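Enquirer: Per numbering that gives the first Met the number 0, residue 0 is the first one in the sequence shown, and the count goes up by one each step.
Hints in this document: simulated from the structure, not taken from any laboratory.
Just so we're clear, the structure is a prediction, and the values are computed from it rather than from any experiment.
In this text, a Cβ means the ideal position worked out from N, Cα and C, and glycines have one as well.
Just to be clear, a hint being listed does not mean it is correct.
To be verified - What follows is a list of derived Cβ distance ranges for each label pair:
| # | residue 1 | residue 2 | range |
| --- | --- | --- | --- |
| 1 | Gly67 | Pro12 | 15 to 21 Å |
| 2 | Ile81 | Phe58 | 31 to 37 Å |
| 3 | Gly17 | Val62 | 19 to 25 Å |
| 4 | Gly41 | Lys15 | 22 to 28 Å |
| 5 | Val7 | Gln57 | 20 to 26 Å |
| 6 | Gly17 | Gly67 | 29 to 35 Å |
| 7 | Gly67 | Gln19 | 16 to 22 Å |
| 8 | Leu24 | Ser50 | 16 to 22 Å |
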Amino acid sequence: MADIRAGVIVQLPELKPGSQFFKPLQSVRVHGLLESYTVESGTGVITHSGSRFRVDLQFLRDVSFRKGSLYQFIGELVPDPIYVSPDQLMLQIPFRLVFKRRFIV
Numbered sequence: 000m001a002d003i004r005a006g007v008i009v010q011l012p013e014l015k016p017g018s019q020f021f022k023p024l025q026s027v028r029v030h031g032l033l034e035s036y037t038v039e040s041g042t043g044v045i046t047h048s049g050s051r052f053r054v055d056l057q058f059l060r061d062v063s064f065r066k067g068s069l070y071q072f073i074g075e076l077v078p079d080p081i082y083v084s085p086d087q088l089m090l091q092i093p094f095r096l097v098f099k100r101r102f103i104v
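Let's have the full structure, built from the sequences with the hints guiding it.
Expert: Next up, the structure:
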């Protein structure tokens, strides 16, 4: 069995191609400001230290997300369906894991 640790704490700038954390099915814990969120697609974009990352929140559509708030997410990195390149991953948040905390900025 592969050595996959659960919810490795990672800074958003570390999630880029070539990073030890940037691989499919890697379980990570990240935080960032919610820049955008679309209920229809269930996706959002978080930002931190100049980095941006897409987050799949389709299992959390009943949660009232607030743009500009700081969230912490735990999930798995999966291929991003809007990109053809295998170097584009997004964070998928399973239904059993809800954001840990929210700060209103």
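Enquirer: Sort out which numbered hints this structure fails and list those numbers smallest first.
Expert: 2, 3, 7
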